[in-house]
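Visitor: Each chain, written out:
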Amino acid sequence: MANKKPLPTELEALFRAKQKRRKELANLPFEEKISILLELQNISHDLRSAKSRDKHLIWDISA
Amino acid sequence: MEKTLKVINQMQKKKVIAKYAIGGGIAAIFHMEPVLTYDLDIFVFLPQTEPGLVTLSPLYEFLKKKGCQTSHEHIIIEGVPVQFIPAYNQLIEEAITQAREAKYKRTKTKVIRVEHLLAIMLQTDRPKDRTRITQLLEQAKINMDFLLGIFKRHGLLAKWQQFRKRFYGK
Numbered sequence: 074m075a076n077k078k079p080l081p082t083e084l085e086a087l088f089r090a091k092q093k094r095r096k097e098l099a100n101l102p103f104e105e106k107i108s109i110l111l112e113l114q115n116i117s118h119d120l121r122s123a124k125s126r127d128k129h130l131i132w133d134i135s136a
Numbered sequence: 004m005e006k007t008l009k010v011i012n013q014m015q016k017k018k019v020i021a022k023y024a025i026g027g028g029i030a031a032i033f034h035m036e037p038v039l040t041y042d043l044d045i046f047v048f049l050p051q052t053e054p055g056l057v058t059l060s061p062l063y064e065f066l067k068k069k070g071c072q073t074s075h076e077h078i079i080i081e082g083v084p085v086q087f088i089p090a091y092n093q094l095i096e097e098a099i100t101q102a103r104e105a106k107y108k109r110t111k112t113k114v115i116r117v118e119h120l121l122a123i124m125l126q127t128d129r130p131k132d133r134t135r136i137t138q139l140l141e142q143a144k145i146n147m148d149f150l151l152g153i154f155k156r157h158g159l160l161a162k163w164q165q166f167r168k169r170f171y172g173k
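Listed in order, the protein sequences are those of chains A and B. Just so you know, we're using the numbering used here here: the first sequence kicks off at 74 and counts up by one. Just so you know, we're using the numbering used here here: the second sequence kicks off at 4 and counts up by one.
Hint data in this document are derived by calculation from the structure and do not stem from the laboratory.
Some chain A residues judged to face chain B by a derived CB distance under 7 Å, without partners named: (1) K106; (2) I107; (3) L113.
Since the structure is predicted, the reported quantities are computational estimates derived from the model, not experimental observations. Backbone N, C-alpha and C fix where the C-beta goes; we use that ideal spot for every residue, glycine too.
All chains, please: the whole structure from these sequences, using the hints.
Guide: Below, the structure is given as structure tokens:
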């Protein structure tokens, strides 16, 4: 396998920040994560509607 | 989702299902960052109606009496598309038996342990499983000894080594 080129420092910092954010999200309470899931479902639903693609059933709850 | 879990707990209390645990994407979300998923997978032990016979019919009948509608492979419980998956191998049986207790708001439930979830995903091995495995390895708190024990018991060690070589080069 070819050696990977080192990333520019700015990019490394960006990836580290993203990873940190993901870990923070992973540590949120379950209820908050489900609220975020509902937002994701709505965003995905709107995008799919705009493209007239098959739509999934989105959850009909208030989280 | 709390109302959905209450209905499922009621099913267990009324012995429509014997034991259950949340699996799939929602179990992944329990252990890591939220990711897009549309269904609530419930792994279940079903009560045997006749020796050796396991059927989902009583479960669907119970839910239909409550006014739940079906949609493709799901049944909609309190607004959430739920898929009931009977324990289909020893790994799933172990995962249900050893699932950890959790709470959603004020309602108790059971969620598959992250180590079992990883093993199930490794066994299922779809592209989305491989993505979630890498996410879980980065974000979740994993007991590596326990995980390796599961891999050994269920013949997944070679597959795990292949996975590590492919995604981590070791």
